[in-house]
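There are 2 protein chains.
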Amino acid sequence: MDQQDSCIVRLFSNYCALSEKDKELLFALEQSPTEVRAGETLWKECDRASEFCTIRRGWAYSYRNLGDGSRQILEIYLPGDIIGMREFAFSQRLSGVTMIDDGVICYFPHRRLLDIFRSSTTLTAVLFAIASRHQVLLTERLVNLARRSAYQRLAHFLYEMYERLGQTDSLSDGHFRLPLSQEQLGDALGLSSVHISRTFSTFREEGLVLRERHRICLVDPLKLAAVAEFDSRYLNDSLRPLFSDIEFKERGGEVNEVRTE
Amino acid sequence: MDQQDSCIVRLFSNYCALSEKDKELLFALEQSPTEVRAGETLWKECDRASEFCTIRRGWAYSYRNLGDGSRQILEIYLPGDIIGMREFAFSQRLSGVTMIDDGVICYFPHRRLLDIFRSSTTLTAVLFAIASRHQVLLTERLVNLARRSAYQRLAHFLYEMYERLGQTDSLSDGHFRLPLSQEQLGDALGLSSVHISRTFSTFREEGLVLRERHRICLVDPLKLAAVAEFDSRYLNDSLRPLFSDIEFKERGGEVNEVRTE
DNA sequence: GCCTCCGAATAACCCAAGTTATTTTTGCAG
DNA sequence: CTGCAAAAATAACTTGGGTTATTCGGAGGC
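Read top to bottom, the protein sequences are chains A and B.
Sequential numbering from 1 applies to the first sequence in full-length UniProt numbering.
Sequential numbering from 1 applies to the second sequence in full-length UniProt numbering.
If you are wondering where the hints come from, they were derived from the structure by calculation, not from laboratory data.
C-beta atoms are modelled at their ideal positions from N, C-alpha and C, and glycine is treated no differently.
Distance ranges between label pairs, derived from CB positions: (1) A/21 / B/46: 36 to 44 Å; (2) B/31 / A/206: 51 to 59 Å; (3) B/31 / A/101: 49 to 57 Å.
Go ahead and model the full structure; you've got the sequences and the hints to work with.
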């Protein structure tokens with residue numbers, strides 16, 4: 001595999017132009033790839049935590065099981081995401097992680113992150129930016145779950161996936177694959193699977209979202225974003241000013257030669 | 001003011017022993033204390049974001065206003081907390097912040113954080129640990145809002161405040177001051193103020209929680225934690241192993257370059 | 001002292017979403 | 001192709017919590 005194909009390099013490049021050295025550092029996180037199967041659980045709540053992993057291919061989700069037998073899906077991970085950051089400061093896993101698709105993941109130890117802190121301010125800042133954005137997404141989800149109707153929640157979820165997928169893949173129109181069962185969607189959105197089904201039916205009647213098995217088609221993405229009150233400020237904000245400054249300093253004032261677009 | 005009184009230094013020391021240099025770096029963040037009044041808004045959504053602040057005295061909350069006129073309270077800040085980390089990667093505020101009590105806060109610019117990344121791996125790691133723990137708390141709240149009944153939500157909220165206050169103040173029995181109106185509680189828990197009132201009535205009838213204006217008394221804290229399914233693992237985890245390792249490396253002067261195998 | 005205002009308590013009514021159950025569709029093993 | 005199991009659709013019924021309205025009570029202004 002070539003560095004240019006590394007999805008973690010691609011993801012980080014969205015935030016900031018990277019030097020060759022930075023790319024190598026990142027690329028090093030993606031050694032020791034492991035094949036995993038759909039449905040396979042990477043770890044469970046309360047397992048010992050001393051590693052992160054990046055997901056190179058396939059989707060995964062993290063979840064918490066609750067006392068009453070239900071569960072909450074906390075996050076959907078896509079290729080390029082780093083899994084397990086939540087537990088950086090903890091010795092136990094606080095949520096389980098299960099693969100949705102067959103895929104490839106790469107484990108690396110917590111200490112590797114410290115190496116990055118030591119050797120690249122740029123990557124440190126990008127990591128912080130990613131953590132910050134993660135928190136913002138989580139907050140947005142919290143608002144979504146706490147305040148909005150089932151209709152809006154599902155609209156919001158679909159639109160968020162659409163935006164996230166658009167960052168790495170090119171989406172032909174509003175079409176994308178969503179390999180989640182209605183039960184899993186319910187677990188993610190705090191709804192029953194029955195009501196997910198009802199809500200999809202409503203979308204279909206209104207011609208807002210079409211669905212065939214795991215293919216989703218957003219007929220009118222902007223309208224969907226509107227009904228979901230989707231706040232896209234945090235997706236489109238420019239990170240360049242801050243990071244170009246870092247680079248400038250790190251390179252001792254050289255003009256950036258690395259552009260990733 | 002003396003370094004020992006700095007609430008940031010105190011907060012960070014909880015995670016890791018700090019060198020004198022680190023303390024100075026941190027101390028520099030707390031230079032311009034400002035008096036603020038109860039009800040005063042520090043900033044609103046969409047304001048320009050280029051500063052964080054620490055809260056030295058008083059309580060505050062962050063919130064988002066929604067399209068339908070309701071709002072969601074995202075976080076309650078207590079003395080020692082850093083406010084505004086959410087927006088590190090953004091140029092706009094994504095949530096407003098308002099004081100609950102009279103208090104004192106200290107602003108410092110975003111770029112100051114970059115200085116820290118450049119000059120102290122220890123502080124960088126602690127910042128990361130704080131961000132990580134923040135995310136865990138946020139996740140727990142998300143589960144609370146998505147999956148639990150009003151009764152459990154309020155129980156969870158009260159118990160969380162009880163635990164947080166116990167970290168800095170000593171709580172005589174289960175008594176503490178909770179300077180939030182029922183409307184604010186509702187906004188934090190995704191419930192109507194009417195239902196908050198109903199739920200407090202239920203608590204009273206059961207003798208589980210007593211309330212008089214803004215004084216709360218948890219009659220049986222453990223039982224309350226149980227009904228809320230409160231997960232206290234993440235409050236008591238030890239952070240030392242990781243950080244003692246960092247210190248070792250930094251003090252041994254051993255510049256450990258990253259292996260790119 | 002009295003008046004006003006805001007927060008809280010309580011009741012009556014309503015609806016979004018949960019639950020349970022039944023049927024239909026899809027995927028897949030043999 | 002057949003049979004089986006899991007996922008999805010739909011309907012009937014229930015319920016937790018929202019909404020609206022009214023009353024009550026304490027804190028502050030004058």
